[in-house]
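Novice: Protein chains in written order, with my numbering: chain A, 262 to 602; chain B, 16 to 527.
Calculated directly from the structure, the hints in this document are not laboratory data. Glycine residues also receive a C-beta, built at the ideal position from the N, C-alpha and C atoms. Incorrect hints may appear among the rest.
As the list claims (entries may be wrong) - Listed next, with one range per pair, are the computed distances between beta-carbon atoms:
id, chain 1, residue 1, chain 2, residue 2, range
1, B, Q76, A, Y586, 38 to 48 angstroms
2, A, T474, B, Q76, 24 to 34 angstroms
3, B, R152, A, R458, 17 to 27 angstroms
4, A, A571, B, R127, 48 to 58 angstroms
5, B, T35, A, A592, 54 to 64 angstroms
6, A, V295, B, R125, 58 to 68 angstroms
7, A, Y586, B, G272, 27 to 37 angstroms
8, A, T305, B, S161, 37 to 47 angstroms
9, A, L439, B, S161, 48 to 58 angstroms
10, A, A409, B, E395, 51 to 61 angstroms
What the hints assert, rightly or not - Away from chain A, derived, C-beta distances all over 10 angstroms, residues of chain B:
id, residue
11, S29
12, G33
13, G272
14, G285
15, G462
16, S470
Unchecked claim - To spell it out: a stretch of chain A is covered by chain B in this simulated footprint if at least three of its residues, at any positions, have a beta carbon under 8 angstroms from a beta carbon of chain B; those stretches are:
id, segment
17, 460 to 473
18, 479 to 493
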Amino acid sequence: MKRDYLMGKFGGLSQAWERLLRSREAWLVLLLAVLVIGTASANTRFLGSQNIKDLMLNVSLIALLAIGQSIPIIMRQIDLSVGSIVGITAFLSGLIFFDHPNTPNLLVFLVGTGVGVLLGAINAALIIWGRVPSLIATLGTLYIYRGADYAWVHGRQINAANVPASFLALGNIGFLGLPLLMWIVLLFLVLAAVVLRQLPMGRECYAIGSNPTAAVLAGINVHRRVCMGFLFSGGIAGLTGVLWLARFGTVDATAGLGIEFQVVTAAVVGGVAITGGSGTVGGAALGALLLGVFNSALVVLRVPPFWQQAFQGTMLLVAISVDAYLAHRLAIRLRIKRSHL
Amino acid sequence: MPDARPIVELLKISKSFGSTRVLNNVDLSLYAGEVHALLGENGAGKSTLVKILSGVYLPDQGDIRLSSDLIEFKTPAQARQAGIAVIYQEPTLFPDLSVAENIYMGRQPRHRGGLIDYAAMNRGVATIMSQLAIPLRAQDPVLGLSIADQQIVEIAKALTFAAKVLVMDEPTAALSSTEVARLFDVVKRLRSQGVALLFISHRLEEVFSISQRITVLRDGEFIATGPVSDFTTEDVIRKMVGRGMATLFPKETVEIGEPVLRAQGLRRAGVFRDISFEVRRGEIVALAGLVGAGRTEVARAIFGIDPLDEGEIAVEGKPLEKRNPKAAMAAGLALVPEDRQQQGLVLELSAKRNATLTLLRQLHRFGLMLPGREKAVAREWTERLQFRGHLDEPVRVLSGGNQQKVVLAKWLATQPKLLIVDEPTRGIDVGAKAEVHRTLSQLAKTGMGILMISSEMPEVLGMADRILVMHEGRLTGEFSRAEANEERIMAAATGNAGAANADNAGNTKPQR
């Protein structure tokens, strides 16, 4: 159940239409369509096949991280350490191939994801046992993990030549015209969506974010769920690191540097409320897509690169302000409706 | 009617918090198919007893027996498992989730594959709602439901795990009279199905109309229990209060002067409207009403914390132009909030620091605090209020009564012309209550106007020169000290103003 921001505005329409108009996802798709058509009509190069493919591959990585990030945010937590986890597992994957060129791809995936889960477990331990608020705990590990990454990598670099062609093909050759990398992201999107919507553990995440006290009273093991959330988000970040190598081929200690802000922005723009309790992974992925298309449009329209980050920040603030404004309006309307005053 | 053996028995229960004994050898037994009213003044220990029954607190001494078996509830989940459900005054729900999800959280019906069976869930809710004869829709979000409907959701939740005992902690406090009638229909239905209901309420006529048995507590002591037919309203009140009013409320006769506060046509959309009244010098005006009537909100708006949509406020005839707490303080208003711990005190700071917070600007030179003057100011007011505690200790460790004195000292140091006190004696012990009352009385004598929000009827009747009553955001009654009695105030507070006060029927502005 999403927040009904626009409650009461579409009386008279059929229920299906009403639900569509009220959904955040529908508005994101609409905005996306306007953006694509607008930019394409200004510059046809925007819809060139290479541009589209690069765009989709970049978006896929952010979208995957945004899916992972959504789970802690829905529980009123946050995981800022994901960029540093990407950095570690991206280089680790490359190093495995460098030292043992014949390692099976699957094993690299398992190792990368496993290391991500492990780093997520450190976050969870700090938050649950150490009672450090997640914002602070993961801000700390953001620096610690990246620092460890620099110390360990020590200026080395992995080049595409060190990585097997079959691995690099993940980001290139595809199935039904989409690179395999994107299929992996879609798989996790569907999995996470089903868990969040259809399994009790998913619903418990929303309950925790919506009212933590009531969650305890309802007999939900809040600590276990929060722990799982950070293991998941860490694991997804680990997996993204492996895919990062497949996508770019060349990695050093700076892979994924600063990417956590794009990830949180994508999730929030996609309707995952930073205050917890509402939002979907589909929305978060759409948020990543919207941000990616927006950035690409800025490039195509020759907006100076200095401005791109400013635009991204503006979008985040607009999304949050719109949410806050609508929630405020809704609160007033409900208050008046309830009291007849 | 009651079975031979109780479903749940609480035997010789005692509980202390720190050095304060909250419950002492209290007994309570609940039978299937009865509504049992638990009565007592605020602070009598009712809520603590409920929390012991529901597994939130462990008793220091005493036994809990469930169908004659000795049992120990270590967590709320265990008590719930045993069939004990509690509905709090403010329901604890998930606003972002649907009615159905709130009811079934943690126990969702599943398809064979393990996925949630939403259809079965919605059917289950529909069945319960028809059983309760309440038209709540399963898929509606809880965000936006009234308190009354949220309570229904809580009741429905209790029904889905076949609760044998349902505890309702002041369920009617925030409800309108039609909502109360609807709730009572549900209660009667549950009673006929063999559920034992424990019902806490301050509205005695409700208690007599709905319950079969009564237990009275006073200051943590067990006073009486028995069938409702053994008691009259007067008995119950005497047993609850247990002492003469005069000793408890040392109200002195004071000459009433010019108006110090005049509020005209105050309105805040969805919260209150048409609020007009005056408070005069030396006068104690009580603002009575049920929880949720909007009294605190009026006080907050007058003090400039919340915005007003309409209305004029004047202090000593001068209109209050700017609406913020700083301007209100400058005009001579002071507000002692209801929730001392959250809004009135900085718990980690010392009593001295807390008492001087309102005067920080006068207590420094070149940006540096003057410890000597700070101490002198703090001492002056805390001594006048007979504060017992160390000025350098953090207020966190003080008793409720001493904490309240620190908050009072803090505001009195600003030498206000009008003091607004919100539930001044909530949660403090009897001795300290009397001191707070004496203080208020003395302040009125010095010519200060006092607006006292209180939910405690004896306090209202004992302390006030004049009583204003609010119901659902409107003023529904105004009584002089001579006219006022419990029935009249209760009638106005529950929206039955016509019965008690013909002048104010129909929610018009009260006359002056």
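Novice: Look at each hint and say if it fits the structure.
Specialist: Taking the hints in turn, this is what the structure says about them:
1. B:Q76 with A:Y586: 38 to 48 angstroms: For Y586 (chain A) against Q76 (chain B), whose Cβ atoms are near 55 angstroms apart, the range 38 to 48 angstroms is violated.
2. A:T474 with B:Q76: 24 to 34 angstroms: Given about 28 angstroms between the Cβ atoms, the range holds.
3. B:R152 with A:R458: 17 to 27 angstroms: 20 angstroms Cβ-Cβ, so the 17 to 27 angstroms window holds.
4. A:A571 with B:R127: 48 to 58 angstroms: holds (53 angstroms)
5. B:T35 with A:A592: 54 to 64 angstroms: Violated: the Cβ-Cβ distance is about 38 angstroms, outside 54 to 64 angstroms.
6. A:V295 with B:R125: 58 to 68 angstroms: Given range 58 to 68 angstroms: violated, Cβ gap about 41 angstroms.
7. A:Y586 with B:G272: 27 to 37 angstroms: Roughly 47 angstroms apart at Cβ, these two residues miss the hinted range, so it is violated.
8. A:T305 with B:S161: 37 to 47 angstroms: With a Cβ separation near 56 angstroms, T305 (chain A) and S161 (chain B) fall outside 37 to 47 angstroms, so the hint is violated.
9. A:L439 with B:S161: 48 to 58 angstroms: For L439 (chain A) and S161 (chain B) the Cβ distance comes to about 49 angstroms; the hint holds.
10. A:A409 with B:E395: 51 to 61 angstroms: holds (59 angstroms)
11. S29: holds (25 angstroms)
12. G33: holds (23 angstroms)
13. G272: The claim holds: G272 (chain B) sits with its nearest Cβ about 33 angstroms from chain A, beyond 10 angstroms.
14. G285: violated (3 angstroms)
15. G462: Non-interface label stands for G462 (chain B): nearest chain A Cβ at 35 angstroms, farther than 10 angstroms.
16. S470: Given that every Cβ of chain A is farther than 10 angstroms from that of S470 (chain B), nearest at about 20 angstroms, it holds.
17. 460 to 473: As far as the segment 460 to 473 of chain A goes, the hint holds, because 9 residues have Cβ atoms under 8 angstroms from chain B.
18. 479 to 493: holds (count 3)
Hint compliance for this structure: hints 1, 5, 6, 7, 8 and 14 are broken, all remaining hints hold.
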